[in-house]
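One point on numbering: in the UniProt record's numbering, the residue at position 16 of the sequence shown is 16, and numbering is uninterrupted.
Source of the hints: derived by calculation from the structure; they are not laboratory data.
One or more of the hints may lead you astray.
Each pair of labels, with its calculated beta carbon distance range [said to hold, decoys possible]:
{"hint": "1", "residue 1": "Ala-16", "residue 2": "Arg-55", "range": "28 to 34 Å"}
{"hint": "2", "residue 1": "Phe-30", "residue 2": "Glu-61", "range": "17 to 23 Å"}
{"hint": "3", "residue 1": "Ile-6", "residue 2": "Pro-41", "range": "18 to 24 Å"}
{"hint": "4", "residue 1": "Ala-63", "residue 2": "Glu-24", "range": "16 to 22 Å"}
{"hint": "5", "residue 1": "Glu-46", "residue 2": "Thr-9", "range": "31 to 37 Å"}
{"hint": "6", "residue 1": "Ala-63", "residue 2": "Pro-14", "range": "14 to 20 Å"}
{"hint": "7", "residue 1": "Glu-11", "residue 2": "Glu-46", "range": "28 to 34 Å"}
{"hint": "8", "residue 1": "Phe-64", "residue 2": "Thr-9", "range": "17 to 23 Å"}
{"hint": "9", "residue 1": "Gln-31", "residue 2": "Leu-60", "range": "29 to 35 Å"}
Cβ coordinates follow ideal geometry from the N, Cα and C atoms, glycine included.
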Amino acid sequence: MAFGEIGLTGEVRPVAYGEERLQEARKQGFQAALVPRDNAPRKPIEGLRVVPVARVDAALEAAFSSSPRPGPAARAPARS
Numbered sequence: 001m002a003f004g005e006i007g008l009t010g011e012v013r014p015v016a017y018g019e020e021r022l023q024e025a026r027k028q029g030f031q032a033a034l035v036p037r038d039n040a041p042r043k044p045i046e047g048l049r050v051v052p053v054a055r056v057d058a059a060l061e062a063a064f065s066s067s068p069r070p071g072p073a074a075r076a077p078a079r080s
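All chains, please: the whole structure from these sequences, using the hints.
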């Protein structure tokens, strides 16, 4: 899930009720969220990997990267 406002020069701006949106996303079963840097929670949210971004290019990179991003929900692949 993702939220924020995109400015004309590519900046990702914060929106109201960011913390509440993240708590609701966790309740709804989302495991990751792309958020404006200024909406990043002060404390980690258990079960939700939050990826704060400042620019839309960073958001796209995070959303479409094939490598896992660090965060509470990131796990090492199982070995067999």
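Evaluated hints:
| no. | hint | verdict |
| --- | --- | --- |
| 1 | Ala-16 / Arg-55: 28 to 34 Å | violated, 21 Å |
| 2 | Phe-30 / Glu-61: 17 to 23 Å | holds, 20 Å |
| 3 | Ile-6 / Pro-41: 18 to 24 Å | holds, 21 Å |
| 4 | Ala-63 / Glu-24: 16 to 22 Å | holds, 20 Å |
| 5 | Glu-46 / Thr-9: 31 to 37 Å | holds, 35 Å |
| 6 | Ala-63 / Pro-14: 14 to 20 Å | holds, 18 Å |
| 7 | Glu-11 / Glu-46: 28 to 34 Å | holds, 29 Å |
| 8 | Phe-64 / Thr-9: 17 to 23 Å | holds, 21 Å |
| 9 | Gln-31 / Leu-60: 29 to 35 Å | violated, 19 Å |
Checked against the numbered hints above, the structure breaks hints 1, 9 and satisfies the rest.
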